[in-house]
Amino acid sequence: MTEEKTAAKLRQEELFLKKENGYDRMDETSIPAMHTYCDGYKQYLDNAKTEREAVKAAISLAKENGFVPFRRGMSLKAGDRVYASNRGKSLMLAVIGTRPLDEGVNIGAAHIDSPRLDLKPYPLFEDGGFSLLKTHYYGGVRKYQWLSVPLELRGTIIRKDGSSVEVTLGGEPGDPFLVIPDLLPHLAKAQSEKPLGKAVDPEALNIFLGSRPYPDTEASDRFKLAALDLLNQKYGITEEDFLSAELCAVPAYSACDVGLDRSMIGAYGQDDRVCGYAALKGLFDAKTPGKTAVCVLADKEEIGSMGVSGMQSQAFDTFIDDLCDCLGAHLRTCYENSFCLSADVSACFDPNFPDVYDKRNSSFINQGVSLCKYTGTGGKMGASDASAEVMGHIRIVLNRANVLWNVSELGKIEAGGGGTVALFMANRNIDTVDAGVPVLGMHSPFEVTGKLDCYMTYLAMKAVYEA
Numbered sequence: 006m007t008e009e010k011t012a013a014k015l016r017q018e019e020l021f022l023k024k025e026n027g028y029d030r031m032d033e034t035s036i037p038a039m040h041t042y043c044d045g046y047k048q049y050l051d052n053a054k055t056e057r058e059a060v061k062a063a064i065s066l067a068k069e070n071g072f073v074p075f076r077r078g079m080s081l082k083a084g085d086r087v088y089a090s091n092r093g094k095s096l097m098l099a100v101i102g103t104r105p106l107d108e109g110v111n112i113g114a115a116h117i118d119s120p121r122l123d124l125k126p127y128p129l130f131e132d133g134g135f136s137l138l139k140t141h142y143y144g145g146v147r148k149y150q151w152l153s154v155p156l157e158l159r160g161t162i163i164r165k166d167g168s169s170v171e172v173t174l175g176g177e178p179g180d181p182f183l184v185i186p187d188l189l190p191h192l193a194k195a196q197s198e199k200p201l202g203k204a205v206d207p208e209a210l211n212i213f214l215g216s217r218p219y220p221d222t223e224a225s226d227r228f229k230l231a232a233l234d235l236l237n238q239k240y241g242i243t244e245e246d247f248l249s250a251e252l253c254a255v256p257a258y259s260a261c262d263v264g265l266d267r268s269m270i271g272a273y274g275q276d277d278r279v280c281g282y283a284a285l286k287g288l289f290d291a292k293t294p295g296k297t298a299v300c301v302l303a304d305k306e307e308i309g310s311m312g313v314s315g316m317q318s319q320a321f322d323t324f325i326d327d328l329c330d331c332l333g334a335h336l337r338t339c340y341e342n343s344f345c346l347s348a349d350v351s352a353c354f355d356p357n358f359p360d361v362y363d364k365r366n367s368s369f370i371n372q373g374v375s376l377c378k379y380t381g382t383g384g385k386m387g388a389s390d391a392s393a394e395v396m397g398h399i400r401i402v403l404n405r406a407n408v409l410w411n412v413s414e415l416g417k418i419e420a421g422g423g424g425t426v427a428l429f430m431a432n433r434n435i436d437t438v439d440a441g442v443p444v445l446g447m448h449s450p451f452e453v454t455g456k457l458d459c460y461m462t463y464l465a466m467k468a469v470y471e472a
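In our numbering, the protein residues as written are 6 to 472.
Hints are computed from structural coordinates only; laboratory data are not their basis. Be aware that a few hints might be false.
Said to hold, decoys possible - Think about it this way: if two alpha-carbon atoms lie no more than 30 Å apart in a straight line, the pair counts; the simulated BS3-like pairs of lysine-lysine are:
id, residue 1, residue 2
1, K47, K239
2, K292, K199
3, K378, K199
4, K68, K82
5, K364, K61
6, K47, K292
7, K239, K165
8, K199, K148
9, K203, K239
10, K14, K292
11, K385, K364
12, K239, K125
13, K364, K378
14, K47, K385
15, K378, K23
16, K165, K148
17, K364, K10
18, K199, K61
19, K24, K417
20, K10, K417
21, K378, K417
22, K47, K165
23, K148, K194
24, K203, K417
25, K125, K203
To be verified - Estimated spans, in silico, between C-beta atoms of each pair:
id, residue 1, residue 2, range
26, E245, I401, 39 to 47 Å
27, N26, R76, 42 to 50 Å
28, K417, R92, 19 to 27 Å
29, A193, K165, 41 to 49 Å
The beta carbon of each residue, even a glycine, is placed where N, CA and C say it ideally should be.
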């Protein structure tokens with residue numbers, strides 16, 4: 006016998022916001038598509054452990070999906086697909102829409118750099134019977150997390166003759182791994198008494214490169230020489246070439262499924278390549294849009310979005326201005342009628358550390374893409390605070406496309422904070438709101454995301470492009 010609902014119960018269903026696990030709402034027929042999407046995402050992660058690799062992998066996928074290099078002044082029409090690489094470290098792509106650019110563009114903006122350990126300009130030295138590499142951490146890392154983790158070296162070296170060589174030491178089958186060993190607990194009494202943030206000296210994040218000396222006993226600095234000799238044989242470099250190199254140490258493991266139910270993904274660099282891939286794949290799969298759809302994969306977000314490849318660079322403005330020139334539009338008019346989804350990750354509620362979260366305003370795993378009206382610190386310092394109209398617009402777009410979504414903040418007020426590229430888009434007079442995948446262990450060498458949330462973020466990006 007079916008129990009009749011009371012008037013109060015019916016009123017609750019009418020008025021209350023219902024927050025529930027997405028698997029209870031998701032159509033079962035969508036599950037295989039979700040897994041297919043996530044398999045492609047994991048492969049992308051393995052091919053994109055630096056921003057240079059992320060751009061290279063994205064261009065390869067773009068070409069497979071009909072994109073061609075943009076040329077200033079080229080003829081463009083609705084449906085055309087173009088891309089422009091900014092120095093191989095950031096990327097802009099566009100699908101030309103049926104409406105004039107003076108009516109604006111729909112933008113998906115993500116960043117493809119992640120916290121890591123960069124090599125110093127003079128990195129190679131020897132001590133205690135080892136050859137080592139000195140590092141300078143990049144972005145907001147918790148230094149202790151990088152100890153006793155298998156590492157690989159990736160990057161680009163410009164040799165003294167101007168030629169370029171790509172380094173993937175530890176990234177190929179059969180390659181050795183590198184490591185920064187942790188201090189044994191038997192000798193860590195004084196270290197354990199230090200605050201967690203001070204327990205590891207950043208100058209002690211030195212990578213162990215080798216322990217075998219050069220065979221000539223008459224030589225000096227034999228451990229350093231042995232390592233440099235091997236690098237010279239493999240890459241044709243000398244010590245001076247480190248001065249014109251971008252080399253970084255990243256975790257040396259592949260993306261994998263997490264959990265008995267395989268409902269999660271574990272990998273390095275998901276902040277923010279999880280949203281970068283969603284923005285990219287959403288653009289590939291979007292139908293010919295009304296407004297031109299633009300995807301931006303930016304560099305340097307983890308250190309303030311500065312520099313020629315960051316979101317504060319005029320490279321983005323130049324790209325949109327060039328599109329406007331091709332299609333007879335004005336940049337300022339285009340911007341003021343545009344919309345940007347700043348695709349960046351959010352903090353997933355972690356039941357092991359509940360005290361730093363406001364549970365009423367947190368992202369929970371498997372509730373879909375997480376909208377964040379503002380980031381920043383304390384009293385919203387450094388934030389782009391999306392207006393009621395912008396929040397109303399994105400709600401309508403996502404609901405129309407049957408995308409599961411929620412709204413969150415980045416933890417309790419004054420518990421910490423962070424930022425995204427949103428304010429740099431908003432400063433261009435573009436309506437902007439943050440949205441992305443909730444992440445556990447953000448900025449660690451092994452971040453965890455929910456497959457459902459990854460898939461919903463992709464659907465959200467696709468819906469924005471098609472809006």
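Hints and how they fare:
Annotation: proposed proximity of K47 to K239 holds, straight-line Cα distance about 29 Å (limit 30 Å). With a C-alpha separation of about 56 Å, the suggested pairing of K292 with K199 is violated against the 30 Å cut-off. For the hint linking K378 to K199, the alpha-carbon distance of about 37 Å lies beyond 30 Å, and the restraint is violated. For the hint linking K68 to K82, the alpha-carbon distance of about 18 Å falls within 30 Å, and the restraint holds.
For the suggested pair K364 and K61, the alpha carbons sit about 39 Å apart, so the restraint of at most 30 Å is broken. Among the hinted pairs, K47 with K292 is consistent with the structure: their alpha-carbon atoms are about 24 Å apart, no more than 30 Å. This hinted pair checks out: K239 and K165 have alpha carbons roughly 16 Å apart, not beyond 30 Å. With a C-alpha separation of about 13 Å, the suggested pairing of K199 with K148 holds against the 30 Å cut-off.
With a C-alpha separation of about 37 Å, the suggested pair K203 and K239 falls outside the 30 Å cut-off, and the hint is violated. A C-alpha spacing of about 41 Å is found between K14 and K292, which places the hinted pair above 30 Å, so the restraint is violated. Using a Cα cut-off of 30 Å, the hinted pair K385 and K364 holds, with the two alpha carbons roughly 19 Å apart. For the given pair, K239 sits about 20 Å from K125 by alpha-carbon distance, which is consistent with the 30 Å threshold.
For the suggested pair K364 and K378, the alpha carbons sit about 16 Å apart, so the restraint of at most 30 Å is met. For the hint linking K47 to K385, the alpha-carbon distance of about 34 Å lies beyond 30 Å, and the restraint is violated. In summary, the hint linking K378 to K23 is supported, as the alpha carbons are separated by about 19 Å, within the 30 Å threshold. A C-alpha spacing of about 33 Å is found between K165 and K148, which places the hinted pair above 30 Å, so the restraint is violated.
Between K364 and K10 the CA atoms are separated by roughly 29 Å; this keeps the pair inside 30 Å, and the hint holds. Of the supplied pair hints, the one linking K199 and K61 is violated, its CA atoms being roughly 42 Å apart against a limit of 30 Å. A hinted pair counts as satisfied when its Cα atoms are at most 30 Å apart, and K24 with K417 qualifies at roughly 20 Å. A distance of roughly 37 Å separates the Cα atoms of K10 and K417; the hinted pair therefore is violated under the 30 Å criterion.
Pair hint K378 plus K417 holds up; C-alpha atoms about 15 Å apart against a cutoff of 30 Å. Annotation: proposed proximity of K47 to K165 is violated, straight-line Cα distance about 36 Å (limit 30 Å). With a C-alpha separation of about 18 Å, the suggested pairing of K148 with K194 holds against the 30 Å cut-off. Distance check on the hinted pair: K203 and K417 sit about 24 Å apart at the alpha-carbon level, within 30 Å; holds.
At roughly 21 Å between alpha-carbon atoms, K125 and K203 fall within 30 Å of each other, so this suggested pair holds. Range check, E245 to I401: about 58 Å between beta-carbon atoms, so the 39 to 47 Å window is missed. Distance hint check for N26 and R76: the Cβ-Cβ separation is about 48 Å, which falls inside the suggested range of 42 to 50 Å. In this structure the hint that K417 and R92 lie 19 to 27 Å apart at CB is violated, the actual value being about 39 Å.
Taken as a hint, the range 41 to 49 Å holds for the pair A193 and K165, whose Cβ atoms sit roughly 43 Å apart.
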